[in-house]
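Could you build all of it, start to finish, from the sequences and the hints given here?
Quick note on UniProt numbering: the sequence shown kicks off at 1 and runs consecutively.
It is possible that some hints are incorrect.
[Stated by the list, open to error] The list that follows gives simulated cross-link-like pairs (lysine-lysine, PhoX-like), each with its CA atoms no further than 20 Å apart:
#1 K90 to K16
#2 K4 to K46
#3 K145 to K179
#4 K93 to K16
#5 K183 to K46
#6 K156 to K145
#7 K183 to K148
#8 K145 to K183
#9 K188 to K4
#10 K46 to K179
#11 K179 to K50
#12 K183 to K4
#13 K179 to K148
#14 K183 to K50
#15 K50 to K4
[As the list claims (entries may be wrong)] FRET-style restraints, in silico, Cβ to Cβ:
#16 T100 to E196: 36 to 44 Å
#17 S101 to F7: 17 to 25 Å
#18 S97 to K50: 18 to 26 Å
#19 G79 to K145: 14 to 22 Å
The hints are simulated quantities; they were obtained by calculation from the structure and are not laboratory data.
It should be emphasised that the depicted structure is a prediction, and the values quoted were computed from it without experimental measurement.
The beta-carbon is built from N, C-alpha and C at its ideal position, and this holds for glycine as well.
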Amino acid sequence: MIRKAEFVVSNTDPAKCPKPDRAEIAFIGRSNVGKSSLINMLTGVKELAKTSQKPGKTQLVNHFMINDRWYLVDLPGYGFAKVSKDRKVKWEKMISSYLTSRSNLCGVFVLIDSRLEPQTIDLEFVNWCGEQNVPFVLAFTKADKQSKSQTDKNVKAFLNKMEEIFGEYPDYFVTSAEKQGGKEEVLKFIDDLISEYESERTN
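In structure tokens:
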């Protein structure tokens, strides 16, 4: 359960992130996937991650301290935000540098829009995570925006692609920010990751 969530720092340089002295869980997805809404739903703080109708609003690595115990990190979206090519390259470098260099990163939630069939950009990103040994899980968003059967169909199609790439499914969650869907399961999973990280550090 999240009792306390506070903004710590935003920056464009992973080297300037807070000292990696506690567990860290990151959230990423392509522009407009519902990342801010999901973070706000999980933390119970409405304006913690700023939601915006304009894709590509998160352009920085944003750290939040949760329960004075661990960091939640809101990463810039990948995909079709309307920015210059030069800026896009900088973003991608910043994101890849962060994901491959943070020693305290326990897990990355890759958000996938459950209303869509598998998108190449998501598959490419997840494939990259696999190649770089970035510990990721999937969170399918906006599950309340269509029928359960349509959500199930799209989720299954994406998982089938995962099986083609990795030979197995990664861990995954189906969520709805509006209806609080998946909240308890995601928080329990995060808590397990953090406990595991902390016990490894003390041993």
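**Asked** So which of those numbered hints doesn't the model satisfy?
**Response** 16
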